[in-house]
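Model the full structure from these sequences, guided by the hints.
Which chain is which? The protein sequence lines are Z and U, in order. Residues 1 to 130 in this note's numbering are what the first sequence lists, from first letter to last. Residues 1 to 145 in this note's numbering are what the second sequence lists, from first letter to last.
Hints are computed from structural coordinates only; laboratory data are not their basis. Quick caveat, the model's predicted, so the values are computed rather than measured. The hints are all genuine.
Here chain U is said to cover these stretches of chain Z; the calculated rule only asks that three of the stretch's residues, wherever they fall, bring their Cβ under 8 Å from a Cβ of chain U:
(1) 23-33
(2) 37-47
(3) 74-80
(4) 106-113
Below, computed lysine to aspartate or glutamate pairings styled on EDC-like, alpha-carbon distance capped at 20 Å:
(5) U/Lys115 with U/Glu48
(6) Z/Lys106 with U/Glu81
(7) Z/Lys106 with U/Asp64
(8) U/Lys115 with U/Glu133
The following residues of chain Z were derived to be distant from chain U, with all beta-carbon distances above 12 Å:
(9) Leu55
(10) Asp99
(11) Arg100
(12) Ala117
(13) Ile125
(14) Lys128
(15) Ala129
For every residue, glycine included, the Cβ atom is placed at its ideal position computed from N, Cα and C.
Listed here are the chains, written in short residue letters.
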Amino acid sequence: MAQEVRTVEQQTPTSQRVPPRPVFLPPTDIYETKESIVVLAEMPGVPPDGVDISLERRVLTIRGRSAANEHGGYQRVYNEYAGGDYERVFTLSENIDRDRIEATLKDGILQLVLPKAEAARARKIELKAS
Amino acid sequence: MALSEFPRLGFDPFVELRRMQSEMNRLFSGFSATATRDFPPINIWLGENSVVVTAELPGVTHDDVNLSLQEDVLTLAGKREPETQEQNLSWQRRERAYGTFSRAVQLPFRVDPEKVQARFNNGVLEIELQRLEADRPKKIEIRVA
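Here's what the structure looks like:
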């Protein structure tokens with residue numbers, strides 16, 4: 001059997017320097033229904049293309065990059081929140097059917113619907129009549 | 001001072017330490033709970049003749065917010081409601097807050113109530129207010145004698 005040889009392209013670090021930004025933990029609600037696990041994370045200021053979700057086995061990682069907290073021609077005179085990135089990692093208790101995961105971003109809230117895998121669902125076991 | 005052993009010296013070095021301790025406790029007491037933070041958090045941006053107020057309001061739609069303006073005080077009021085009506089669910093984590101909120105912001109100058117623009121952008125409310133014509137600074141020319 002031929003062995004697969006992979007050449008890994010060396011990734012050159014980008015010369016562009018990214019200024020350090022604060023990373024926030026988004027406040028999150030998680031609830032479980034019979035069919036799925038629903039995650040709601042507050043990420044105000046994050047545009048839809050700034051969201052990055054990954055699921056590796058049971059580890060769910062949510063990342064969001066908020067748009068620049070700047071206004072052209074305006075000067076900031078009072079500050080209570082800062083622009084930054086959101087990142088949070090959860091370990092899920094169930095196996096997830098990863099083909100049917102739905103993610104939506106609406107009004108700054110990321111909603112993830114993670115359907116449970118068939119095998120993980122509670123099943124009723126019928127007694128066979130003898 | 002009865003606790004200390006220094007009455008004869010005429011001063012008590014621990015008084016100062018106790019005072020510092022209570023001062024430190026007072027200083028740091030505000031940092032622990034994020035729930036006591038004012039909601040919504042706002043930023044204010046100042047332009048030449050306008051001011052922009054931005055507020056982080058995730059999950060709030062324009063129907064849920066009431067904006068009002070009196071003189072130079074802008075009031076944001078509204079409510080946040082849980083989105084799910086589903087029954088038979090078990091919560092694993094509840095960190096988001098719900099309920100009504102109200103916040104008044106004093107602006108640096110009086111604004112024209114007719115020229116207020118407010119819009120939502122990914123959960124951030126942005127309100128732009130223009131300074132009143134009559135309130136703007138006037139340039140005074142110096143006549144050359």
